Structures are given as structure tokens and as C-alpha cells.
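Protein chains in written order, with the working numbering: chain E, 179 to 483; chain H, 3 to 500; chain V, 158 to 440.
Bear in mind the hints are in silico, worked out from the structure with no lab data behind them.
Please note that a few of the clues may not be correct.
To be verified - Under the rule of at most 16 Å between Cα atoms (straight-line distance), these lysine to aspartate or glutamate pairs were calculated in the EDC-like manner:
(1) K445/H <-> E423/H
(2) K274/V <-> E426/V
(3) K337/H <-> E439/E
(4) K428/E <-> E469/E
(5) K428/E <-> E223/E
(6) K210/E <-> D139/H
(7) K337/H <-> E443/E
(8) K455/H <-> E408/H
(9) K347/H <-> D139/H
(10) K262/H <-> E426/V
(11) K445/H <-> D365/E
A quick note: this is a predicted structure, and the numbers were derived from the prediction, not measured.
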Amino acid sequence: MNLATKGAREIVASAPHVDTVGAVERATALTKRSIKKESKRWALELALSMVDLTTLEGMDTPGKVRSLCAKARRPWEGGPAVPAVAAVCVYPSMVPVAVEALRGSSIKVASVATAFPSGKSPLALRLDEVRWCVEHGAHEIDMVIDRGAFLAGEYALVFDEIAAIKEACGPAHLKVILETGELQTYDRVRQASELAMHAGGDFIKTSTGKVPSAATLPVTLVMLEAIRDFHDATGKLIGMKPAGGIRSAKQAIQYLVLVNETLGERWLDPDLFRLGASSLVNDILRQLAKERSGRYASLDDFPID
Amino acid sequence: MATRTKREKPAAAPESPRAQRFVYAPAPESADHVRRLERYDLFVDGKFRPASSGKRFATVNPATEETLAEVAEAGAKDVELAVQSARKAYEKTWSKLSGAERGRYLFRIARLIQEQSRELAILETQDGGKPIVESRDVDLPLVAAHFFYYAGWADKLEHAFPGRRVRSLGVAAQVIPWNFPLLMAAWKIAPALAAGNTVVLKPAETTPLTALHLARICQEAELPPGVVNVLPGAGETGAALVAHKDVNKVAFTGSTEVGKQIQRAIAGSSKRLTLELGGKAANILLEDAPLDQAIEGIVNGIYFNQGHVCCAGSRLLVHESILEEVQRRLERRVKTLRVGDPLDKNTDIGAINSKPQLEKIRALVQSGVDEGAVLHQPACELPRAGYWHPPAFFSGVTTSHRIAQEEIFGPVLAILSFRTEAEAIAKANNTTYGLSAGIWTRKGSKVFEMASKLRAGVVWANTYNRFDPASPFGGMKESGFGREGGLHGLAPYVEVLS
Amino acid sequence: MSAPLRVWKTWKLFVNGQFPRSESGRYDVVKDASGATVANVCRASRKDLRDAVEAARAAFPGWAARSAMNRGQILYRIAEMLDGRRAELAALLGKGGEREVDAAVERWIHYAGWTDKYQALLGTVNPVAGPWFNFSMAEPSGVAVAFAPEDSPLLALTSLVAPLIAGANTCIAILSESAPLPGLLFGEVLATSDVPAGVLNLLSGRRAEILPHAAGHRDVNTLLVASPTAAEAKLAQEEGAGNVKRVHCIAAPSGGWSAPEAQGLAWIERGQEIKTVWHTMQL
Numbered sequence: 179m180n181l182a183t184k185g186a187r188e189i190v191a192s193a194p195h196v197d198t199v200g201a202v203e204r205a206t207a208l209t210k211r212s213i214k215k216e217s218k219r220w221a222l223e224l225a226l227s228m229v230d231l232t233t234l235e236g237m238d239t240p241g242k243v244r245s246l247c248a249k250a251r252r253p254w255e256g257g258p259a260v261p262a263v264a265a266v267c268v269y270p271s272m273v274p275v276a277v278e279a280l281r282g283s284s285i286k287v288a289s290v291a292t293a294f295p296s297g298k299s300p301l302a303l304r305l306d307e308v309r310w311c312v313e314h315g316a317h318e319i320d321m322v323i324d325r326g327a328f329l330a331g332e333y334a335l336v337f338d339e340i341a342a343i344k345e346a347c348g349p350a351h352l353k354v355i356l357e358t359g360e361l362q363t364y365d366r367v368r369q370a371s372e373l374a375m376h377a378g379g380d381f382i383k384t385s386t387g388k389v390p391s392a393a394t395l396p397v398t399l400v401m402l403e404a405i406r407d408f409h410d411a412t413g414k415l416i417g418m419k420p421a422g423g424i425r426s427a428k429q430a431i432q433y434l435v436l437v438n439e440t441l442g443e444r445w446l447d448p449d450l451f452r453l454g455a456s457s458l459v460n461d462i463l464r465q466l467a468k469e470r471s472g473r474y475a476s477l478d479d480f481p482i483d
Numbered sequence: 003m004a005t006r007t008k009r010e011k012p013a014a015a016p017e018s019p020r021a022q023r024f025v026y027a028p029a030p031e032s033a034d035h036v037r038r039l040e041r042y043d044l045f046v047d048g049k050f051r052p053a054s055s056g057k058r059f060a061t062v063n064p065a066t067e068e069t070l071a072e073v074a075e076a077g078a079k080d081v082e083l084a085v086q087s088a089r090k091a092y093e094k095t096w097s098k099l100s101g102a103e104r105g106r107y108l109f110r111i112a113r114l115i116q117e118q119s120r121e122l123a124i125l126e127t128q129d130g131g132k133p134i135v136e137s138r139d140v141d142l143p144l145v146a147a148h149f150f151y152y153a154g155w156a157d158k159l160e161h162a163f164p165g166r167r168v169r170s171l172g173v174a175a176q177v178i179p180w181n182f183p184l185l186m187a188a189w190k191i192a193p194a195l196a197a198g199n200t201v202v203l204k205p206a207e208t209t210p211l212t213a214l215h216l217a218r219i220c221q222e223a224e225l226p227p228g229v230v231n232v233l234p235g236a237g238e239t240g241a242a243l244v245a246h247k248d249v250n251k252v253a254f255t256g257s258t259e260v261g262k263q264i265q266r267a268i269a270g271s272s273k274r275l276t277l278e279l280g281g282k283a284a285n286i287l288l289e290d291a292p293l294d295q296a297i298e299g300i301v302n303g304i305y306f307n308q309g310h311v312c313c314a315g316s317r318l319l320v321h322e323s324i325l326e327e328v329q330r331r332l333e334r335r336v337k338t339l340r341v342g343d344p345l346d347k348n349t350d351i352g353a354i355n356s357k358p359q360l361e362k363i364r365a366l367v368q369s370g371v372d373e374g375a376v377l378h379q380p381a382c383e384l385p386r387a388g389y390w391h392p393p394a395f396f397s398g399v400t401t402s403h404r405i406a407q408e409e410i411f412g413p414v415l416a417i418l419s420f421r422t423e424a425e426a427i428a429k430a431n432n433t434t435y436g437l438s439a440g441i442w443t444r445k446g447s448k449v450f451e452m453a454s455k456l457r458a459g460v461v462w463a464n465t466y467n468r469f470d471p472a473s474p475f476g477g478m479k480e481s482g483f484g485r486e487g488g489l490h491g492l493a494p495y496v497e498v499l500s
Numbered sequence: 158m159s160a161p162l163r164v165w166k167t168w169k170l171f172v173n174g175q176f177p178r179s180e181s182g183r184y185d186v187v188k189d190a191s192g193a194t195v196a197n198v199c200r201a202s203r204k205d206l207r208d209a210v211e212a213a214r215a216a217f218p219g220w221a222a223r224s225a226m227n228r229g230q231i232l233y234r235i236a237e238m239l240d241g242r243r244a245e246l247a248a249l250l251g252k253g254g255e256r257e258v259d260a261a262v263e264r265w266i267h268y269a270g271w272t273d274k275y276q277a278l279l280g281t282v283n284p285v286a287g288p289w290f291n292f293s294m295a296e297p298s299g300v301a302v303a304f305a306p307e308d309s310p311l312l313a314l315t316s317l318v319a320p321l322i323a324g325a326n327t328c329i330a331i332l333s334e335s336a337p338l339p340g341l342l343f344g345e346v347l348a349t350s351d352v353p354a355g356v357l358n359l360l361s362g363r364r365a366e367i368l369p370h371a372a373g374h375r376d377v378n379t380l381l382v383a384s385p386t387a388a389e390a391k392l393a394q395e396e397g398a399g400n401v402k403r404v405h406c407i408a409a410p411s412g413g414w415s416a417p418e419a420q421g422l423a424w425i426e427r428g429q430e431i432k433t434v435w436h437t438m439q440l
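Using the sequences plus the hints, can you model the full thing?
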């Protein structure tokens, strides 16, 4: 069957089923990979280069965003050279500030447009929001899907909204947030992943970080498997972004192992894999410091942002 | 090489913008703190002592071919002494203790196993070749759990057999294999002791070390002398033990061939017998199987412990509509398996337990190629020393192929296809064995119907190779009789009086 | 007027719901105390055993698939029909015959009530440490051969086979060699009591002749030998090992075949295998 011609309902119906216990087991088994020495340093630096450094607070200010952008450029001010992060992720109103602060760097500006985090505003307003962000220099749009519509079985609506937002993005890359914590089962995560990829998302992303259950290894595994199968069927490379709850360097490396073993090295690239996080950066630095000096570092050795 | 053999060339790494590859550096488990001795003695009547004959045999690390230790080899005279000591301990102490007191010893043993579990895991890996992640995260936790589980039964036997009077049997002769050396020792010893019997255990010739460390734990737990005796040795030692006239109970885990010999050997005696023998389990994938998990289940089913598993899912039955896709996915997945140093925490497949076993696997693989099946195995660099076999699977297998009928006991899978559920059941049951089976489908009603039609003692649905002390395990048909684990695991160690 | 010439009944085997002669053409003559011929009895051969095993194997899936309730009703029907032949059977059994028939009826009723209960006692739900639903259940081993002892030709036979078929096995019984007639008459009871063909088959003949073939038969799962000699017990195990047969040598109950210990759950258990099923359990 030609995948491009599938209707939304068909896409959902033909999504492979997931046995939750097996998915959790596989993800857990991969956490036992032991990454040491050179591999560890390499993985830590790679992880750093994949971070979407994020601030999504009601109390965000231009000052806070500028400070974050400085951190994004030089994560380890005063330390040895380490890669810059991949992107800074902010609310729409902060896009101009971030664009200004990151001018001249290769760091991307991502914005959570589309009535983040619920998505519950009229489509026209969400499309305007997306266009506004792109016009003001955002390189990437992190949209949320309408989980209510998805859970109610209105797959065509969800599909069409993603497709419309993709169109509104123009040159900007689109990350589709499934909010897996609200979808609740891996079957639905897999279905929503398929829908998002078929509708034109460049990345699929786990979470907003605004509901209790955010990124987990098993949910990421399920989405990576969807990406792998989509690539097998269409040849298209879709990116993956787990977000929320990734705080330690150890976790970050576990995600990289998951990517490496599920999709292979091609995906170990900031163009295809991102980690949505904020406090993660300093823990990575701390581990890098330990790898260099052999001594355990304190979090106070690194600026908080 | 046979023309129909398909050996993979190492695939070129896909181009990544980043030049460096994600190579996992060796992550060996440190073995420095393991208290391994150069020489091990028999454990009889609570004491370690050399064999009466003075004979010793070498136990070898199959990953390096280095001798780990010289181990005393028990002969007929030692069997006599051990059975006598078990008899004396049974009559004088163990059968006189209350269930609660027996339970306390078993709880103590369980705790000591937990405390020494890292050391025991390393020893198990060194002596047997299994990956450290398996001995550390599967074998050892199950060993301790088994003792905990049966410790709790010791003072509750009247609840296990309500309305019936039971009593212990006496001296149990227990002969165990090399694939799960310490776990099988636990499966044998824990229920026997809980029910009030004393034991003489013969570990396998190639893997005697952890059983002897367990003997030391029995000593440390102040278990009364003679309650547990351990006699390392080969087949002759086991035969002498099983044949001893003062043995009341024989429990054996191993090959069907030896199991039948034992059944014949004790014919006409009043010895009670349980046998846990070979298998050729069908792992059945229906067309609605959760494929990603099923692939993991296939891998876990056949490559876990190098396929040295009596219940291994060694025959994969796949619905024809998904056959090609399953083979394609399996091929890709098998390439990611890491074969090598069992002590490396990143190793998925360790060393084959012994040279004879490796030769047997190779011979059966060759038979598969000769009979026209297509061999798939990834090119992987295998260490020079030691005994190794890459993970392999055969496609194009028919039921008449030897690889579809005989237990290979190695990391080699035979893939067959079917069209209907009824055909799958018929093919699955078309074997003299009956130990285990797997079913992969999202439809619960199919699971229960197929599970009830499969002639196998253990059926895993949407999972494979799971074990638990609370879960009875054992076979039908020529895979043996009697159950180990759970409430049913007590029955082989008691006599029902009324 | 002289008495009419007596009809000598030829007692045939009971196999697959029918009454065939032995394929061997052999028969034994049963005489009464005075030496007068009472009847001719077929002497089953190894080929008759083979045929009976075929019948039992063919009947097994259907019998095992019936509901436990239905098996119980059929067993109760056996008791009803047996009771109806009480006088005839008692006469064949001789002294104490009525008591034996009554005890046999009682035993069939006992097992009729067991069919839908033993599972609840032999099965378990197992609390494994993980996200799995795990349970164990009893399943019939398959085809059983039971060698009845010489004494209590009806009650001992009942005591051996009733728990096997109550537990959904199919069965071939080799009757008391010296007193086969009550067992053969019992075949006529079975033929009229809703028991599906092949579920229970009865052979008269010589234990010494049939035992090696039964023990060595690779399609027999369970072998019961009541009151075996030491040599028979040894032979049963040795030959039974060929297919890892479940061999049970059963001594006569100390209180006789009418004693309570000659029935109950343990007797059903002999014909059962425990199957454990794991299923993942998560949303």
C-alpha cells in the first residue's frame, strides 16, 4: 500500500501493537549497557550538542532568556572547550530575545507555538502563532497535538491540524509533541507517532514537560521504533526528541544507547535527535569534569545558566 | 562453505556527520574480590574433604580455556559416605526439627546468598561462560529468591496439602546440569530441605564451583552437618549416587537421554523420581503479534544463556503473512548482539559451555546447511581462545530437518511457518518433547485457547524465558515429570500418607 | 421336557465403544467351581492393545475438551447403569458381590462429583515478581493403561480407571486375569451409558503378555500397575523409560479396595500434568 495515500484512520488502525511489558523490558535491558572512558566522554559531548536548552516558565523574562542563551553558546564558561547546545527552546514572546541573543551562532531557536501546552485554542489562532514565531526568526516549532481529539478518535482532525501547522511553518522545522503522559498507553503513542510522521512532522517529541509523566526510556523506544519503521517504508528520516525529566548525564547516555541500538548511528546527530532539558547540561559538565580530572565535581563548579 | 549459506559481511557504518562511532569500550566486571580457591574439596557431613581416591579434575573457564581450579572428584566410596551422612543427618537432626526451624536455616542461606551474590555471579560466569549481566541480574536474584520462597513453606506444609497427611521422604539424590549451575542447585535443595529431606547434590562436571561455594554458605549458616552434601564429579559419580540403595528420592535435570537411563536404573526400587529434561519449544508468532516485542522475545528465547536452556524457544513458528518481515527484523536485530567476554557487562552472548557442546552445536548447524536450510549469522569477531558460536538462525526449515527436531542447546534458531492457528498447534506439538512454548498475539482468547492446546508444561504468552520461584516449572511427555517451583514444587519431596 | 440347551456367551473385548473379538482369535475358557464351562473369554493380544491405544488416543482430544460438568454427568450415568446391573454383576462376583457392586457405584458417584472440582484444588495463581499474570492448572496426561489386580475385579478396576477418566484422560484397562467377567460385563454397562467411544477400553488377557507392550508403547503417557510383582514393577519402569512414561506401581490399599484411601484427589492427580501459563499484564 502506498503510505502517502492512507487516510488518518487507516494510519492509526495499521499501527503495530505494542506489548507494554516487553517494551519496558527492552528499554530496561538497554540501560545495562556500560559506557565508559573514551566512549563515555564522546557520548557526553554528543549529548550536550543535542540539548534543546529550555525555559518554559510563566515568569520567564528577557533577562532570563539572555542568560540561557549565553549558557547555550558556552555551556562551560571558564572550562575547556565543549560543544554548544543544539537549540534554545522558549515561549513565542521570547523568540525575538533568543534570536537576538544567539545571533552569529549556529544555535537554533525553537518555540513552543500552538497554545502550548494544552493546544486548546482555535486552529486559526495557533496557525497565526506559528507564523508569528517563524516571522520573528524561530527555526523550529514545537507544536502540541490536540490530545482530546486524538483520544476521542478524531484522527483526521489531528492529522489535518498537524499538516496545516507544518504548512504554516514554512522553512522552520516542525516537532510534534504527542504528550505521551496523556495518551497513557504505548499503543496510542505508537498510533500518534504514525499520525504525526505521516502528517509531515520533522520530529516527534514526547512531552511538554507540563504533565507529571514526561519522557521515559520505554516511551522513547516505542517512538524510535515508529521512526525506524517509517524510514523502512518511506526512506524519510524523522527526528526524535524526548523532553521532560531528563536531568542526569547517565539518563542522557541511556537515551543515546537506545537510539544507537534502535536506529543506528545515523541518528546520533543533533539534526535527528534532541534532548529537551535544562538542568541536564550542568550534570553533563560535571561528568565531563570528572572524566578529565578523575575527581568528582560539585554542581557549584558550573554556572546555573 | 555451502552455497546456500548466507553469511553477512560486516555492514559499512552508515554515513554520519560525526566521524566517530559509538563504540562501547570494554566494561569488564572486576573479579579481584572473588575468593576463588586453587583447589576445591568434596562437601560431606559439614566438612570439606578430598576425594577418597585423591582424584581431582580441572574446571576450565570456557571463555579463556584457562584452568580455574582443581576439584576433587567423588567416587563410589565418597557417595557412600555422603549418603550415610545425609541419612544420619535426616534421622538424627533434620527430621526432628520443626518446620519453623528448618525455615530459619533456609532464610539464613537466602540472606548469605544475597550478600555474596556478586562474587557468586562472577564465579558462575567464569566457570560456565554466561554473560555477567545474566548471572548477576537473572541467576543470582532467582537463586536467593528460591531459598526465600521455600524457607517460607517449611512451617506451612499442612496448608500445602490440606486434608492430607504428608511426611518427608528421607535422602534425596540430586543431579544437576551446567547451564544454570547455582540456580539448579537452588531449585533442588530449597524445596527438599523445606519439606524435611536431606540431600546429596552432584553438580555438573564443567561447572562445580558455585555449588561448592553454596556448600560453604551452608557451613556459614551453621546448617547441621550432613543436611547438604556436595559431590563434584562426572556421569559415573551421578550414576553411583542415583543407584545408591539408601537414597529415597532422585531428582535430575539434564538431557532426556540421561533421564531415561536414570528411570531405567532405579526401576523396581521404591525411589521417587522427578525428571526435568530436554525440550524443543515452539515460539509461535501469530499475524497480530506485537512485532517489536516479539522480536525481543525471539532473541531472548533462543540467545539467552547462549541457547543453553532446556526451555529455549528453538523452533520459531511464524505466520506466513509476516514471515519475511520477521526474518528481516530478526536479521537486523541479531547484528546488534554482542558476542564476547562474558565478564564484560556489554556482552549479550558469552562462551559456549564446553568444547564438546560447541562441537555438537557445530555438527547440528552443519546438518541444517546440508539438509538445505538457509543459515543466517552475522559476521562477528570471536575471541581466539575459548569456545564460541555466533547467534544464528535458519530459514527455510521444514519439520523433517534435524535442526527442527533435535535439541541443539546452542544459539541456533530454526524458523518454520504456518498458515492457521490449528496448524501452528499441530506443528508445535509435533515433537517428543513437551517442556515449554511461546505465543505472541494481542488477542487474549487466542492465548488461552492455544495455551490449553499446547502440550507443554510452561507456556509464555507475549513473553519468554521468565522464571520465578512461585511459578511451577517442568515438562510433559519426554521433557520429564514433576514440577519445580511454587506449591507444586513441594509435592515431589513429600509422601502423602492419607 | 428337558431344560433348553444353555447358550454359552462369548465375552468379547470392549474397544472403541464396540465389542470386538481378539484379532488373535485366541480365547480362554472360564469354568465354574464344578468345572463346567461358563463362558469363553477373548485373550487380548499386543495388537488388541495397539488398537485400543489408537482408539483411546483418538478419543482423547474430544473427551478432554468436554466441560467438566459434562464429564461428571457421564460418570454419574455410569453409576446409574451400573446400579441397574447390580444383580447380574453380584452373581458374577460371587460371595460379597452385592457389597462390591454397591461400593463400585459409590465410587463412580464420588468421581462424578470430582470432575469440576479438582482443578480448583490442583490449580494455583502464582504471585510472580513482575508484571505477569501467572497461573498453573491441571491437564490430563493423555492416554493411560491400567492393569487391574486379581482381587476385587470390579471395585479395584473402578478405583483405577474412574479417577483417570474423571481427570479427562482416556484409558485402557487390563482386567483381572483370573476373574475377567465382572469387568467385561462392566463393558456392557459402559456401552449403554453415554461414554464416548474410546474413552474407556477394556481388555481381558494375560498381564505378563500385555505388560511389556503397554510399558513400551510410546503413545501411552501413563501406566498404572496394581499389585505388581517386583519383576513387573521393574519391567514397567524400565520399558516405560522409553518415552519417559508416568509409571505408577500401586500396592493394594492397606484397608482393601473399599477403604477411603482407595479414592480421592491423589488418585486423580496421578493422571494430571501441571501447566503454567504466563501472560504480560500492563495497559
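Structure-based check of all given hints:
no. : hint              : verdict
1   : K445/H <-> E423/H : holds (12 Å)
2   : K274/V <-> E426/V : holds (12 Å)
3   : K337/H <-> E439/E : holds (10 Å)
4   : K428/E <-> E469/E : holds (13 Å)
5   : K428/E <-> E223/E : holds (13 Å)
6   : K210/E <-> D139/H : holds (10 Å)
7   : K337/H <-> E443/E : holds (14 Å)
8   : K455/H <-> E408/H : violated (22 Å)
9   : K347/H <-> D139/H : holds (11 Å)
10  : K262/H <-> E426/V : violated (22 Å)
11  : K445/H <-> D365/E : holds (14 Å)
Hint check: violations occur at hints 8 and 10; the rest are consistent with the structure.
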